[in-house]
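Protein chains in written order, with my numbering: chain A, 1 to 154; chain B, 1 to 216; chain C, 1 to 250.
The set of hints was computed from the structure by calculation and includes no laboratory data. Misleading hints may appear alongside valid ones.
Said to hold, decoys possible - A few chain C positions that, by computed beta-carbon distances, are all more than 12 Å from chain A:
| hint | residue |
| --- | --- |
| 1 | GLY20 |
| 2 | ALA31 |
| 3 | GLY70 |
| 4 | ASN71 |
| 5 | ASP87 |
| 6 | ARG93 |
| 7 | THR142 |
| 8 | GLY172 |
As the list claims (entries may be wrong) - Quick list of in silico lysine-lysine cross-link-like pairs, DSSO-like style, CA-CA up to 30 Å:
| hint | chain 1 | residue 1 | chain 2 | residue 2 |
| --- | --- | --- | --- | --- |
| 9 | B | LYS35 | C | LYS165 |
| 10 | C | LYS19 | B | LYS35 |
| 11 | C | LYS24 | C | LYS68 |
| 12 | B | LYS37 | C | LYS51 |
| 13 | A | LYS89 | C | LYS51 |
We put the beta carbon where it would ideally sit given N, CA and C, even for glycine.
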Amino acid sequence: MQVFHDYVKDGKIKLDPAKKITKPVTYQDPCNISRSGGLWEEARYLMNAMCTDFRDMAVNREYNHCCGGGGGYIPMGPEYKRRRMASGKVKAEQIRETGAEMLVVPCHNCFDQIRDLNKEYDLGIEVVHFKTIIPQVWDLPDHLKPKEEHGETG
Amino acid sequence: MYEFVTGPLAWIAFGIFIIGMTVKVISVIRLASKKDKVVFNHWSWGWSFRSVYRWLIPFGSRSMREKPVLTIVFFVFHVCLLAVPIFLLGHNILWDERWGITWWSFSETSADYLTLLLMAAAIVLILRRIVLPEVRIVTTAYDYLLLAIAVAPFVTGYFAYHQWFDYKTVLIIHILCGEIMLIAIPFTKLSHMILFFFTRAHIGSEMGERRGAKTW
Amino acid sequence: MPEPAIDTDFIRERLAFFKGARFKTWLDICAHCGYCADSCFFYTAHDKDPKYMPAYKIMQTLGKLYKKNGNVTREELKGIADIAYGDCTACRRCSLYCPFGIEPALMIAAVRGMCCSQGLAPPALMEAAKNHLEFGNQMAITTEDMVETCVWMEEENEEEMPGMKIPVDKEGCDTLYVLNAREVKYYPQDIAEAAMIFHAAGENWTFPSMGWDMTNLGMFAGHAKIMAHAAKLCYDAAERLGVKRIFTSE
């Protein structure tokens, strides 16, 4: 996260403003990265660089709510799944309130939990990592572009 | 009897309070340097100070802002609890007589109103413990006992000031209650009057210096 | 077979170990004020059922253990474990709401350690945690499988981004990249995406063949040995390959 932020900020990776995502997008502050990692403004810098309609959740940054899958809850397996889904209600409602169609999250625990919540609470949301989105919106220098495209232009 | 409770017993009560708190503070610091070294790794005076300050002013923290009514009651309760006994005219006269020290004091009427306010706040705190399920479930008899210890000097003081019942007896009971409270502070949860500063400073540093997260 | 008795001596020893200035002060001064209740999503998600409020969960777990000085039956410890693993994710949000700044998350972690020592950690979690010892990652992925996945991902994305490499065990790089084992097992494309970004940014990086799992289930389970082992694997990899910094995928 920190790294991706630095890449974009330092211009090592250029984002193409024309490719910015236009649908509403929200961001999940993972406990370990925001409250315990202090990286919430970096995430918002990236979000605003990548999309035009960034909507923050109702409580965010260091005051975020845990997704409900942290602390080893996910690897505790199916026995705990029902409880995990029940306690994830808070996060699910938070997400629904933003009206976002896509959710970016840098943590894999949150990622799996929110995908499960998506099914359980029918949120109709696409859950992605930063590293999935960045290649969709970047502006690559020619020599790094895919072969076909490269062939057409040159 | 009056001579005894305002003389030797007062000395003993203040002595136990001051020595007890000093021992408490020293033992916490010693224990921390032995078993909680991690506390000092991230210690920051700046974060500590802000963490304490934000929680000392009304509505200074997010937690307090989210529960405004409770916050007001808590502040009324704690401010009166500290201010009334320290700035009471009667106490100042007594200290002047015994120890030759005195300072600014409230008018008697305002002290009277503040005492009423404190008792009202205490009633809200008690009702809260009975009515709200999330507070009732963590409430123990000990919590009521502590409230009683803290509020008893004020109730008896109010009675004494208004000269209800037998003034002499009520006054002695009042002084005894005050002394019980002083003695109880170092040995009970009431020690939070000092330890608050330590735990707040710690969480301020732990979340702030280490992670950049504000605890207010 | 009857279940083994609880090793109360051991629990007592752990209770004494944890009773430093922080735990002692926290337990001593918690005023049972209730500020923490609404901060907890377990509490709000269960329609404000008071048994989910943080202070109560601590009273029912660590508080109970101290009160009984470790003399608990297996049934009681099971109940404690159920709260410590199932009703708290140690997200630390309540610490921000407590006037005294008490940290229930740390106390829950201590309780998990004691439960784990008596074999009461959730079985699936414990099994995955043990994989750290045997395979060096929580998903029981062998080094061969991991390297194969890297090669596969390199080939898969050849067209998308020519020249992209996933360099395994390359010495003298600036950066060591470590990730969550779930990525390799369930979302291998994740490795490729990271590799593409590193490639585009011109990062000089490598991926270790051992010590690449940055997750630490030992920590979640409360198993100190596994916790130390999993963390050490990563640092060993960094030392072995002489990198300047470690990037994690989160």
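Evaluated hints:
With a closest Cβ-Cβ approach of about 21 Å to chain A, GLY20 of chain C is found to remain outside the 12 Å limit, as its non-interface label requires. The Cβ of ALA31 of chain C sits about 22 Å from the closest Cβ of chain A, beyond the 12 Å cut-off, so the non-interface label holds. At the 12 Å boundary, the C-beta of GLY70 of chain C stays outside the reach of chain A, the nearest C-beta of that chain being 24 Å off. Taking the minimum C-beta to C-beta distance to chain A, about 27 Å, the non-interface status of ASN71 of chain C holds against the 12 Å cut.
A beta-carbon of chain A comes within 12 Å of the beta-carbon of ASP87 of chain C; the shortest separation is about 8 Å. At roughly 7 Å, the least C-beta separation between ARG93 of chain C and chain A is not larger than 12 Å, which violates its mark as non-interface. Its beta-carbon lying about 19 Å from the closest one in chain A, THR142 of chain C satisfies the requirement of being farther than 12 Å from that chain. Taking the minimum C-beta to C-beta distance to chain A, about 19 Å, the non-interface status of GLY172 of chain C holds against the 12 Å cut.
Restraint check for LYS35 of chain B and LYS165 of chain C: the C-alpha separation of about 47 Å exceeds 30 Å, so the hint is violated. For the proposed pair LYS19 of chain C and LYS35 of chain B, the alpha carbon gap of about 8 Å is at most 30 Å, so the pair holds. The hinted pair formed by LYS24 of chain C and LYS68 of chain C meets the criterion: a straight-line CA distance of about 16 Å does not exceed 30 Å. A threshold of 30 Å between alpha carbons decides the hint, and for LYS37 of chain B with LYS51 of chain C the separation of about 33 Å lies outside it, so the pair is violated.
Distance check on the hinted pair: LYS89 of chain A and LYS51 of chain C sit about 17 Å apart at the alpha-carbon level, within 30 Å; holds.
Violated hints for the displayed structure, listed by number in ascending order: 5, 6, 9, 12.
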